[in-house]
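Take these sequences, add in the hints, and give me the full structure.
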Amino acid sequence: MLLPSPWRADFPAIAALQRQGQTYLDNAATTQKPQALIDALTHYYTNGAANVHRAQHLPGAHATQGFEDSRNKVANWLNASDCGQIIFTHGATSALNLLAYGLEQQFQAGDEIVISALEHHANLLPWQQLAQRRGLKLVILPLHTNGLIDLDAAQQLISPRTRLLAVSQLSNVLGVWQPLPSILAMAKAQGALTVVDGAQGVVHGRHDVQVLGCDFYVFSSHKLYGPEGVGVLYGHNDALPRLQHWQFGGEMVLTADYHEAKFRPAPLGFEAGTPPIAGVIGLGATLDYLASLDQSKVIEHETTLHQLLLEGLRDREGVNVLGEPQLALVSFVVEGVHNADLAHLLTEQGIAVRAGHHCAMPLLKSLGLSGAIRVSLALYNDSDDLQRFFDALDQALELLR
Amino acid sequence: MSLPVDAQTALDTFAQPLSWEQRARLLMQWGERLPALGDDEKSGEHLVHGCESQVWLLGNVNEGHWWFRAASDARLIRGLVALLLARVNGLSADELQQVDLPDWFNQLGLSRQLSPSRSNGLNAVLQKMRQLAADAT
Numbered sequence: 001m002l003l004p005s006p007w008r009a010d011f012p013a014i015a016a017l018q019r020q021g022q023t024y025l026d027n028a029a030t031t032q033k034p035q036a037l038i039d040a041l042t043h044y045y046t047n048g049a050a051n052v053h054r055a056q057h058l059p060g061a062h063a064t065q066g067f068e069d070s071r072n073k074v075a076n077w078l079n080a081s082d083c084g085q086i087i088f089t090h091g092a093t094s095a096l097n098l099l100a101y102g103l104e105q106q107f108q109a110g111d112e113i114v115i116s117a118l119e120h121h122a123n124l125l126p127w128q129q130l131a132q133r134r135g136l137k138l139v140i141l142p143l144h145t146n147g148l149i150d151l152d153a154a155q156q157l158i159s160p161r162t163r164l165l166a167v168s169q170l171s172n173v174l175g176v177w178q179p180l181p182s183i184l185a186m187a188k189a190q191g192a193l194t195v196v197d198g199a200q201g202v203v204h205g206r207h208d209v210q211v212l213g214c215d216f217y218v219f220s221s222h223k224l225y226g227p228e229g230v231g232v233l234y235g236h237n238d239a240l241p242r243l244q245h246w247q248f249g250g251e252m253v254l255t256a257d258y259h260e261a262k263f264r265p266a267p268l269g270f271e272a273g274t275p276p277i278a279g280v281i282g283l284g285a286t287l288d289y290l291a292s293l294d295q296s297k298v299i300e301h302e303t304t305l306h307q308l309l310l311e312g313l314r315d316r317e318g319v320n321v322l323g324e325p326q327l328a329l330v331s332f333v334v335e336g337v338h339n340a341d342l343a344h345l346l347t348e349q350g351i352a353v354r355a356g357h358h359c360a361m362p363l364l365k366s367l368g369l370s371g372a373i374r375v376s377l378a379l380y381n382d383s384d385d386l387q388r389f390f391d392a393l394d395q396a397l398e399l400l401r
Numbered sequence: 001m002s003l004p005v006d007a008q009t010a011l012d013t014f015a016q017p018l019s020w021e022q023r024a025r026l027l028m029q030w031g032e033r034l035p036a037l038g039d040d041e042k043s044g045e046h047l048v049h050g051c052e053s054q055v056w057l058l059g060n061v062n063e064g065h066w067w068f069r070a071a072s073d074a075r076l077i078r079g080l081v082a083l084l085l086a087r088v089n090g091l092s093a094d095e096l097q098q099v100d101l102p103d104w105f106n107q108l109g110l111s112r113q114l115s116p117s118r119s120n121g122l123n124a125v126l127q128k129m130r131q132l133a134a135d136a137t
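Just so you know, the sequences run in chain order E and W.
For the first sequence, the numbering used here assigns the number 1 to the initial residue and increments by one for each residue that follows.
For the second sequence, the numbering used here assigns the number 1 to the initial residue and increments by one for each residue that follows.
Hints are supplied without guarantee of correctness; some may be wrong.
[To be verified] Computed from the model, here is a short list of chain W residues facing chain E with C-beta under 8 Å:
1) Asp73
2) Ala74
3) Arg75
4) Ile77
5) Ser115
Please keep in mind that the hints were generated in silico from the structure rather than gathered at the bench.
This structure is a prediction, so every number in the text was calculated from the model and none was measured.
Think of the CB as a built atom: it goes at the ideal place given N, C-alpha and C, for glycine as much as any other residue.
In C-alpha cells form, the structure reads like this:
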C-alpha cells in the first residue's frame, strides 16, 4: 500500500466497519476510539463506579482520583497547568454556552462581540442569542477566498467597542489554520476577552494555550478520539473570575441556605451535578494513548494523506474544492451534480462522508452553495480508504453525468 | 384497497434483485418521468420543509381523489418522490391518512437506502400531502 497507517490496528472499530463494507471518512463529525479508551471504560465500570468529590468511601476516592488525574492530563495536553484551569463540560457546545451565559454580565447594550464568517453553529448561536438578550452587536469577520479571515478587515472591525472575540482555530468546512496570533493580538489590544473554538484544531497537532495566549479554549473529547458527552473549557486564571456561575446544583456550592448560597470557584463551581465520570476517565486514557505516539509521524501521515485527497479531487474534472484546505478535510462540490445525489450514491457504495451544510449554514450560503460533500481524515485512515473513496466517486459521477 | 396502477408497476420494477447501479438508474428514470413544475410553482409556498434537498409539492382534488405533482433539485430524491406519488395519486383523503410510508419503501426494497434524514424528508412530503387534503375539507 502507498500509505498505510501504523495506528490503524489500535482502533478496533475500523476493522469492524471494514467488515461491514464501510469506509469511514467522516472524522470531523466524530472519531473511532482507541482500544486504550475502551479498556479504561471497561476497567472503570467493572471495578466499581462511584460519584466524585463527595463520598468518603474507597470507591469514591478511586473515582475522584481517576477523574482529577484526567484533569491534569488535559491541562498537560494544553500546557495549561501554570496559567489556568480545566473545566469539564458535556461538550464543546455546552462549554461555549457556559461562556455565553457566564460572561453575560460583562456586556452592556451597544458592546460588540466579534466572530468570523466560518463559525460552526456552536460558536455562532450562543453569541447571537447573547447579543439579542443584551442588545449587543454581533460583528462578523469576512474571509478571503482561501478561507482565511481577512486581517485587514479584522483590523477595521475589531474596535474599542469589541468586548469579546470568539473564533475557530480550524474550520470544519474549509480546513485551514486561522491566523490566530494576529487576530488575538488585535482583540487583546482593545482589552477584549478571547475565546478559541478548538473543536477541530485540537485534533491535529499539540496546541499550547500559553503560546496562543487566549482567555478561553474549548474542545470536545469525541472528536479527539475520546468518549462523547465530555467537553473541555480551559480558562486563564485572569479571565476565570469574570465568569459568573451558570448552572446550579450539587457539588458546585460552598454553603447553601434556603434563600442564599455561596459557590465554589473554577473548576468545580462550573461543574454542577454529577459529571460524566467514565467519559472524563476515558478521555484521560485517550490522551495517554495519543501522548505515546510520535506526534511528528502522526502529522506527517495526516499531511501526506491530505495531499493525496486534495490532488485526487483536483485531478477530477468538474470537482470544485471549497477554499484552499491545508489539512484534515476537504469539502467539495461537483459542477452539474447535486451534492445530495452524490452523497446518496457514495452511501450506496459504503463510503461514510458528510453531505450538507456542516452546521455552518451562513458560511455555505455566503459561498452560494446549498451544501457540499466533506471528506475528513483521521490518523487511522490510509491510502486504501482514499482509493475506495475515489473509485466510488468515479462510479457515482459516471452514473450521474 | 387495491394499489394504483403506477404503484403496481413500481413494485414489479423495484421488488427484484438489483445492483446498486441498476437501482440508482431506475430511480433517476422514475424521477425524470415526473411532469416538470413551472418556475412560478417552485415557490416558498410549495416548498416542503424538512428535506435535505429542495422538494416542491402541489396537490389537486378531483371528485374526492387527490392528485399530486412534485419536483426536486436532486435527481435521486426526485425518483423517491416519484415512487411516493405512484403510491398515493388517486387516493381519497381518508386513504391518504392510512398510507404506511416505511412499509411502501420496504416493499420496494429501498428502506435500506433511506438514511434517517432522507426518510424524514419523504415523511415530510407525505405529511404535507395529508395537510393539503385536511385543509381542503
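- request: With chain E as the partner, please determine if arginine 75 (chain W) meets the hint condition of a C-beta pair closer than 8 Å.
  value: holds, 5 Å
task: Have a go at the aspartate 73 (chain W) hint: is there a Cβ in chain E nearer than 8 Å to its own Cβ?
output: Status holds, d = 6 Å.
message: Restraint: isoleucine 77 (chain W) near chain E, CB-CB cut 8 Å. Satisfied or not?
response: holds, 6 Å
message: Does serine 115 (chain W) hold up as a contact with chain E if the rule is Cβ-Cβ below 8 Å?
response: holds, 7 Å
Status of the alanine 74 (chain W) interface restraint (C-beta, 8 Å, chain E): holds, 4 Å
The structure shown violates none of the earlier numbered hints.
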